[in-house]
Amino acid sequence: MDDVRASFHSGKNGLGLFAQLVSELSSSTKTNDKLQSLVDYFATAPDEDKVWVIAIFSGRRPRRAVSFSLLREWCAEITQYPHWLLDECYHTVGDLAETLALLLPETKQQNQINKNLSHYLETFISIEKQDVSVRKKFIIDSWNQMNRDERFVFNKLITGAFRIGVSQKTIVNALSKIVDLSSSIIAHRISGNWDPVTTSFEDLLSESASVTDFSKPYPFYLAYALEEEPENLGEPNEWQAEWKWDGIRGQMIKRNNELFVWSRGEELMPDKFPEYFILKDLLPEGVVIDGEIIPAVGRKPLPFSILQTRIGRKNISRKQLQDAPICFFAYDLLEYNSEDIRGFPLHERRKKLEEIILPIKNNSIQISEIINFNSWSELAALRKTSREMNSEGIMLKRKNSDYKVGRKRGDWWKWKIDPLTIDCVMIYAQKGSGRRSNLYTDYTFAVKDGDKLIAFTKAYSGLTDKEFAEIDNFVKRNSIEKFGPVRTVKPELVFEIAFEGIAASNRHKSGVALRFPRMSRWRKDKTVDEINTIEDLKTMLEMYGK
Amino acid sequence: MDNLISFTDKGLYCAQGNFYIDPWKAVDKAIITHGHGDHARFGNKNYLCHTDTKPILQLRLGNNNYETVKWNEAIYINGVKVSLHPAGHIIGSSQIRLEYNNEVWVVSGDYKTKDDGLSGKFEPIKCNVFITESTFGLPIYKWKPQQEIYDNIINWINKNKENGKTSVLLAYSLGKAQRVLQAIKETTQTIYAHGAVFNMQQALINAGFNLTPVVRITPDTPKELLKASVVIAPPSADGTSWMKKFQPHSVGVCSGWMQVRGNARRRNVDAGFALSDHADWDGLIQTVKETGAEKIFVTHGFQSAFSRYCYEQNIAIAAEVKTQFEASPDLSEGEEFEGS
Ligand SMILES: [Zn+2]
Ligand SMILES: [Zn+2]
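First to last, the sequence lines map onto chains A and B.
The working numbering numbers the first residue of the first sequence as 1343 and each following residue consecutively.
The working numbering numbers the first residue of the second sequence as 6 and each following residue consecutively.
Not one of these hints is a red herring.
Simulated DEER-style distance windows between Cβ atoms:
(1) A:Asn1820 <-> B:Ile80: 41 to 51 Å
(2) A:Asp1473 <-> B:Tyr316: 37 to 47 Å
(3) B:Glu128 <-> A:Gln1422: 25 to 35 Å
(4) B:Lys294 <-> A:Thr1371: 40 to 50 Å
(5) B:Gly169 <-> A:Arg1505: 26 to 36 Å
(6) A:Phe1410 <-> B:Asn107: 50 to 60 Å
(7) B:Gly297 <-> A:Glu1872: 57 to 67 Å
(8) B:Glu229 <-> A:Thr1371: 21 to 31 Å
(9) A:Ala1722 <-> B:Glu229: 49 to 59 Å
(10) B:Gly169 <-> A:Asn1598: 51 to 61 Å
(11) A:Phe1858 <-> B:Lys294: 47 to 57 Å
(12) B:Tyr316 <-> A:Tyr1886: 49 to 59 Å
(13) A:Gln1422 <-> B:Val326: 23 to 33 Å
Think of the hints as simulated: they come from the structure by calculation, not from any bench.
For glycine and all other residues, C-beta sits at the position ideal for the given N, C-alpha and C.
One chain only, chain A, in its complex shape (with noise of 0.2 Å):
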């Protein structure tokens, strides 16, 4: 194994540097803090270690190659626990890599060694092929090199489970007080396709970096929820309208010749979306469009659960390419004769945008409508008439605003419509998960059918911790049965349950399936009696599903 870049010094380096980088960002409530925690780390950590750093926080996390259960399995050798137990402790916990972190036998501290967390992680990437046991052998020799924090940290990263609370805007501020460059290109340069295997912090970040990659996109602009009423925008006429689409916010780009699209979540998808292909050749050269990954017919777009049933699909069937076809909203262009227009106004980059898209007379790209008001009272009518746009509400942008890194207030804001609710009842309570491992939070509701309830959804989330602590101690109280982790409760407690979209589905036996639920209000005032019907979410479906 390579020990070349391991360090052996005591106190902390490498691995535990890393470890407590995590636990002081996910203990720190403020992002000032975080930025500090990461401009000490950037400042202290090996170079190769940076580098997986900003690899792992942009999103490159290396591939899973230990399953589970195989982890909890050795786990189950070492420390003898029986199955069960580990599975009550994990219940509680919450978190695989961190119950195994906890059951493990400490290390005792002269044995403890501290090497970087380049040589785990590529140590673990030479051996993903490798047999089971070669790839137990390095397990569970670097656990016995390792402290409890260490080990936490270790395992998230070898389940390829690791996600930390911090922004690649943060990220970005971070390094920009480590290195000499500005944050816009910190930004471009981190979110390129790049391997931290084989690009050094050099590379990635030195002034004179020249690794150029065709692909990269830019960072996406995001916008704040308006919170206010628009009137206090100021004039109407120095804002652009438009509908705000439902799908994948997504960066087309064509240079050199050849076509690239991008998601947020910064994957390429090549193979995706073949309606794109004929993009290559109908788009000029040098030119980076942001916009909407949407299927759509003509003008308007179908539901967002429409383009579900495209991802994650690896062959697109010819039904599919029929029933869903995917189109391309195009908001704005970042790029124009391979010149960065980020910072040009709105209003120009609009008026090249229209030049491009609007000579291509084909499906697989249209622009986003700009839609035409005089007065905010005339736009609030219009936002009315989202839903039947199957559209989620309206962008604002500031005309003479330029496109600017990552989600910033002030030049772009969505005006939501109001979510669809129903009233329901609780019927199964489960733990939470992570911060919430010792409360039953995660719920299952239901609605009336006939004089029977049925369950139709679980949410999690929109109670305050208060809240979530008086409903634990109602689960506890008027459980019926327990079954497995599940407590069956009394059907007493009533909630309003928000939701952004609801879609025919006969995994779930209500038959719909509704998007981003979560608990928008805990209705005291409300008994069983009162809660809606199945009757009603069917009316939901035909009227919003569809």
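Place chain B with the ligands on chain A using the hints.
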């Protein structure tokens, strides 16, 4: 033969001696293991407890008919030999040993197997039947050596001081607060305290314990004095306007529940220290083994997992018992209950 202790709707009851142990409804005669609110409740006619528990009960329950005993001092109640033994949980906390007709039962109350220097050194007691708590009865709960945790707390305080922040430590006013105060007394000249902590600390000092004195925070305490200071408060103070006085501050929680990251995150605290006044998994298992009991009853905590494990591993025949003792994982609830 009838069980020496039965589980009734008022609490653990010894019919032969006609007394209860830590009853949750008012009874004629109650033997109290320790001063936490879920074990020592209002309204009993007669209380029997350890000498060190009495000042705590007086503070919390007012004047009542208290009888006290020392550890290992036997008294007889209608033929039942009763004695108290150190439980190591908080000051005065005791296990209750009952002996009748050559059979010995022990009620653990809450206990901690590691000596904290304040609560007396826990000793396992040979018995036939052991009634044990199980607050931390899962193997994910294995405590680090207490000195290591104290060092972490002290480092955290020093780091906050450097950054001009006040360190607000959340710890139960009875038990955890005394222990933490002993550990951090060298870090600073003056330690400030919330009224609940101050009252308890003062009552114990007045009763003759050599504890770290604290200064009570009142509306008149000048804000400048509190800058970058150390404040100790009960968990219920978190999130209240009382905390505003200390800004900028960093909040640390001392509780066994902090062993799991999610709990610290859920509470939105800046630092969690897994410092517990209960036995960890190894402590519980070791204790059950050392009592030699062939039968155990498992109360508040992870009853079902702990009893199943003891049974499966042939450690003892185990049964779960429902009590009204609290092992609440939510620290904002049952504030003055469990010294978790
Ligand atoms: Zn207790
Ligand atoms: Zn207690």
